[in-house]
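What follows is the residue order along each chain.
Protein chains: 2
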Amino acid sequence: MAKGKVSPELIEQFKQIVGEKYVYTDKDKLEPYSHDEVTDPHYMKEPQVVVLPATTEEVSKVVKLCYENDTVMVPRAAGTGLAAGAVATFGGVIISIERMNKILEIDKDNMVCVSEAGVTTSVLQEAVQKEGLFYGGDPCSGDSCFISGNVATNAGGNRAVKYGVTRDQVMGMEVVTPTGEVVTLGGKFRKNATGYMLMHLFIGSEGTLGIITKVYLKLVALPKYQQDLLVVFDNLDDAIALTPKVMNAGITPVCVEFMDNASIKQVEIFLDEKLPKSDVGNYIIIQIAGDNEDVLMDQCEKIVELAEENNAIDSLVADPAVIWKSRKAYLEADRARSLVFSMEDIVVPMTEIPGAVQQISRLSEKYNVAMHCAGHCGDGNVHIDILKDDRTQEEWEEMLPKIQGEIYALVYQLGGRLSGEHGIGYKREALLEKYTDPVELKMMKAVKKALDPKNIMNPGKVVSINDEVPVEE
Amino acid sequence: MAKGKVSPELIEQFKQIVGEKYVYTDKDKLEPYSHDEVTDPHYMKEPQVVVLPATTEEVSKVVKLCYENDTVMVPRAAGTGLAAGAVATFGGVIISIERMNKILEIDKDNMVCVSEAGVTTSVLQEAVQKEGLFYGGDPCSGDSCFISGNVATNAGGNRAVKYGVTRDQVMGMEVVTPTGEVVTLGGKFRKNATGYMLMHLFIGSEGTLGIITKVYLKLVALPKYQQDLLVVFDNLDDAIALTPKVMNAGITPVCVEFMDNASIKQVEIFLDEKLPKSDVGNYIIIQIAGDNEDVLMDQCEKIVELAEENNAIDSLVADPAVIWKSRKAYLEADRARSLVFSMEDIVVPMTEIPGAVQQISRLSEKYNVAMHCAGHCGDGNVHIDILKDDRTQEEWEEMLPKIQGEIYALVYQLGGRLSGEHGIGYKREALLEKYTDPVELKMMKAVKKALDPKNIMNPGKVVSINDEVPVEE
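From first to last, the protein sequence lines are chains A and B.
Under my numbering, residues 1 to 473 are what the first sequence spells out, in order.
Under my numbering, residues 1001 to 1473 are what the second sequence spells out, in order.
Treat the hints as calculated values from the structure; they're not laboratory data.
The reader is advised that the hints may include incorrect statements.
[Said to hold, decoys possible] Under the rule of at most 20 Å between Cα atoms (straight-line distance), these lysine to aspartate or glutamate pairs were calculated in the EDC-like manner:
| id | chain 1 | residue 1 | chain 2 | residue 2 |
| --- | --- | --- | --- | --- |
| 1 | B | Lys-1442 | A | Glu-181 |
| 2 | B | Lys-1015 | B | Asp-1028 |
| 3 | B | Lys-1442 | A | Asp-294 |
| 4 | A | Lys-245 | B | Glu-1131 |
| 5 | A | Lys-224 | B | Asp-1291 |
| 6 | A | Lys-328 | A | Glu-268 |
| 7 | B | Lys-1224 | A | Asp-294 |
| 8 | B | Lys-1366 | B | Asp-1314 |
| 9 | B | Lys-1325 | B | Asp-1279 |
| 10 | A | Lys-302 | B | Asp-1294 |
| 11 | B | Lys-1064 | A | Asp-437 |
| 12 | A | Lys-108 | B | Asp-1238 |
| 13 | A | Lys-162 | A | Asp-298 |
| 14 | A | Lys-302 | B | Asp-1109 |
| 15 | B | Lys-1162 | A | Asp-40 |
| 16 | A | Lys-245 | B | Asp-1109 |
| 17 | A | Lys-302 | B | Glu-1293 |
| 18 | B | Lys-1224 | A | Asp-298 |
| 19 | A | Lys-402 | A | Asp-40 |
| 20 | B | Lys-1302 | A | Asp-109 |
| 21 | A | Lys-245 | B | Asp-1291 |
All chains, full assembly: derive it from the sequences and hints.
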């Protein structure tokens, strides 16, 4: 039986591996590790101990010890997740890779970046940019998240329309398995048909199959020019329908974002300034990039033309700071209004977004709760902020599952899924259990059991197995 | 224990499911199913029975019967594989999906094609092209292979530099599991972080985890213009080094192919015509595509300029038929010279190609055997044709493993892998066992055991488990 309680002897042994100062057991040092970016206290839990190894070898030794002692491990990157995946929900030791923060190599000829797990995404982006190259992954939390966390959660973000999600950037990884063994999957090569692609199983497995200690990332040439457009529609159907028209016209935007009118009005209050057509507007924000300025201007004109054909009420080609201001403030605006809120992260076929958003609007009225939609409409990924406002925690915990239930029933009916990019973690584990096809769920559990038979690597996250939770006492 | 022998009762039950005429047991009907495109008789085996279901439901019923009777199944698409993956090596029933040949939907707005498993790749390519869209996958056997075979083997091909391999085109799939259950993984949405990505595990699993019955494929806009270049180098290092220079310059070619001098000379004999600079030349063939003719011409000029800087001895911008003639004849030229040959399919970091090819040239001298190299240098994937010529089958079977041993030792030393796109099948199963990191191999076997515990779904291919082969009598 997996143990959530870490023995004093084990803590002493951790100190011998990583050094006394890199094993945290003091309350003040533990607090930052008790949550990720989920603001709901329901998903917080102070860990008993945090271990900070500096090398893969140290990670391996720590994991081996835990394995031998049937002790639960929770791998943790920067803790910027939105699914309570890196929280010690069922006790155990948090293994933080934050000290493994070196970019090991930028190989210009093979166009590969090799990096330790704990490098901040924006640091990596800037380092490769200095070499005239470009890393396509771009989660919104890029300034604080770590690259291995991006890989472990298959982080999405804005640029996925053109460059794909994190999965599409990964060429290889070094992993420490639940038994403490070290293995490199993939590498500096771009094609691979050599057996099962375990690397792709680890991408997005949220630390439940092993600990990612090193990544090999695909680089591309840095595009020379960029252009940003804001297009406003008074009808959401028209707004969303612009995307396939643009893409069918041979333009692959870097990103296509949208914000519904409720979100825009909330941002207006937060920023305390008038936003364009905020009375009735739904925003579409498009970024295009390339090496030829004339081509880019032609594409801009084409997009504006298609927008007008599609009943846009305003189009603005301007400074990115102006264009992106409202979209970037979306999350903060909601958090400022209600610290506790649930950020849903559904994904549906692109053309089903209007239907989903309209239904959400009806749910907002039905439950008399503020629900704001924004997201990545180039890939059908809709974020819905459900705000607690001044409800009691009790009322909130009673209401939220009902709303989620209605949302997810709709999403699956539209051919979508629970999460487009934030993942399952602990927050959505029960939802995954409920809404996933039983055959798929059974296979997921079989894979988890096969690769972590003791159920000690981040148990109770993504999928629960063995019908048991670890024992803490 | 899995049974390789199919009982007469089971054959009768198959007939009741799919109809008498779609269960083949006659020798003349079985012959085409006794091999794939591997020409070595060592890898051929006449099956006892072939079943041809017309629907997913029929596939499911057939599989359930086999599961209940512990009987080995071998899923088969068009049989154009190069690893003896779809051959009934250990007996059992071949389940061919060739009758499931309908394109179900071309969804222009979501830019997705939904297709049954048995649609020929080129048929699908043409159908979406008629709608002004483009399917990026393009294995060399496109005119004969089936789309589900592409997915099952993660087929590569020429266009992978720009569009990626088959994996990068797949948005979803319907699968019949080894127990006969039906499940849809993924769908018409472009982001997904909802649990383990089993879809990516099935891609490239070569029919060892289940039978793919339906696929959801990503479409992009059809590019308007295309340009093909042939660049000739007398030095292979210079030839290969052109690729990163082109890509670093912000040009993403559709493909970058290469042929070594030995291959060119062989093709010259086959075509019975003089090829450019065939006395000393190594060829690089580049295709670029886009929507703006001027930009394309600028890119052409830039490539020629970079080629000259890199000591090219000739550059030719011409009709694709002229440019591609030699590369397309590579395989046929070798087959015409020696029907039996081994086509290796290594992958290494792009910059290691010259080192690999030079070493192969030395092996060719050492063993006094013809070895011709060509392949996809934009992604480090090198095909090496080792020709049997007039050796006896005995001499050949003695020599080949020695050469392969030397090649693979080198490939792994260079940070590469056994197979870039042809897969493991039965042909490379022992090699995978030998060269794969033991930790990775153990995980692959654990996954196979978890998803096919009876070891009845294409056993003995990719990875062997249970230390047993199915019993045929």
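Verification of the hints:
1. Proposed proximity of Lys-1442 of chain B and Glu-181 of chain A is supported: the alpha carbons are some 11 Å apart, at most 20 Å.
2. About 18 Å separates the Cα atoms of Lys-1015 of chain B and Asp-1028 of chain B, which keeps this hinted pair within 20 Å; it holds.
3. In summary, the hint linking Lys-1442 of chain B to Asp-294 of chain A is not supported, as the alpha carbons are separated by about 54 Å, beyond the 20 Å threshold.
4. Among the hinted pairs, Lys-245 of chain A with Glu-1131 of chain B is consistent with the structure: their alpha-carbon atoms are about 13 Å apart, no more than 20 Å.
5. Using a Cα cut-off of 20 Å, the hinted pair Lys-224 of chain A and Asp-1291 of chain B holds, with the two alpha carbons roughly 18 Å apart.
6. Between Lys-328 of chain A and Glu-268 of chain A the CA atoms are separated by roughly 12 Å; this keeps the pair inside 20 Å, and the hint holds.
7. Between Lys-1224 of chain B and Asp-294 of chain A the CA atoms are separated by roughly 17 Å; this keeps the pair inside 20 Å, and the hint holds.
8. Distance check on the hinted pair: Lys-1366 of chain B and Asp-1314 of chain B sit about 32 Å apart at the alpha-carbon level, beyond 20 Å; violated.
9. Pair hint Lys-1325 of chain B plus Asp-1279 of chain B holds up; C-alpha atoms about 17 Å apart against a cutoff of 20 Å.
10. The straight-line distance between the Cα atoms of Lys-302 of chain A and Asp-1294 of chain B is roughly 18 Å, inside the 20 Å bound, and the hint therefore holds.
11. As the CA atoms of Lys-1064 of chain B and Asp-437 of chain A are separated by approximately 19 Å, the hinted pair is consistent with the 20 Å bound.
12. Taking the CA atoms of Lys-108 of chain A and Asp-1238 of chain B, the gap is near 16 Å; set against the 20 Å cutoff, the hint holds.
13. At roughly 18 Å between alpha-carbon atoms, Lys-162 of chain A and Asp-298 of chain A fall within 20 Å of each other, so this suggested pair holds.
14. With a C-alpha separation of about 18 Å, the suggested pairing of Lys-302 of chain A with Asp-1109 of chain B holds against the 20 Å cut-off.
15. Restraint check for Lys-1162 of chain B and Asp-40 of chain A: not satisfied, since their Cα atoms lie roughly 43 Å apart, outside the 20 Å limit.
16. Proximity of Lys-245 of chain A to Asp-1109 of chain B is assessed by CA-CA distance (about 8 Å); at most 20 Å being required, the pair is judged to hold.
17. Simply put, Lys-302 of chain A and Glu-1293 of chain B have alpha-carbon atoms about 17 Å apart, close enough for the 20 Å limit, and the pair holds.
18. At most 20 Å may separate the alpha-carbon atoms for a hinted pair to count; Lys-1224 of chain B and Asp-298 of chain A meet this at roughly 15 Å.
19. Restraint check: the Cα-Cα separation between Lys-402 of chain A and Asp-40 of chain A comes to about 17 Å, which is no more than 20 Å; the hinted pair holds.
20. Restraint check for Lys-1302 of chain B and Asp-109 of chain A: the C-alpha separation of about 18 Å stays at or below 20 Å, so the hint holds.
21. As the CA atoms of Lys-245 of chain A and Asp-1291 of chain B are separated by approximately 16 Å, the hinted pair is consistent with the 20 Å bound.
The structure does not agree with the numbered hints 3, 8, 15 stated previously, though it agrees with the rest.
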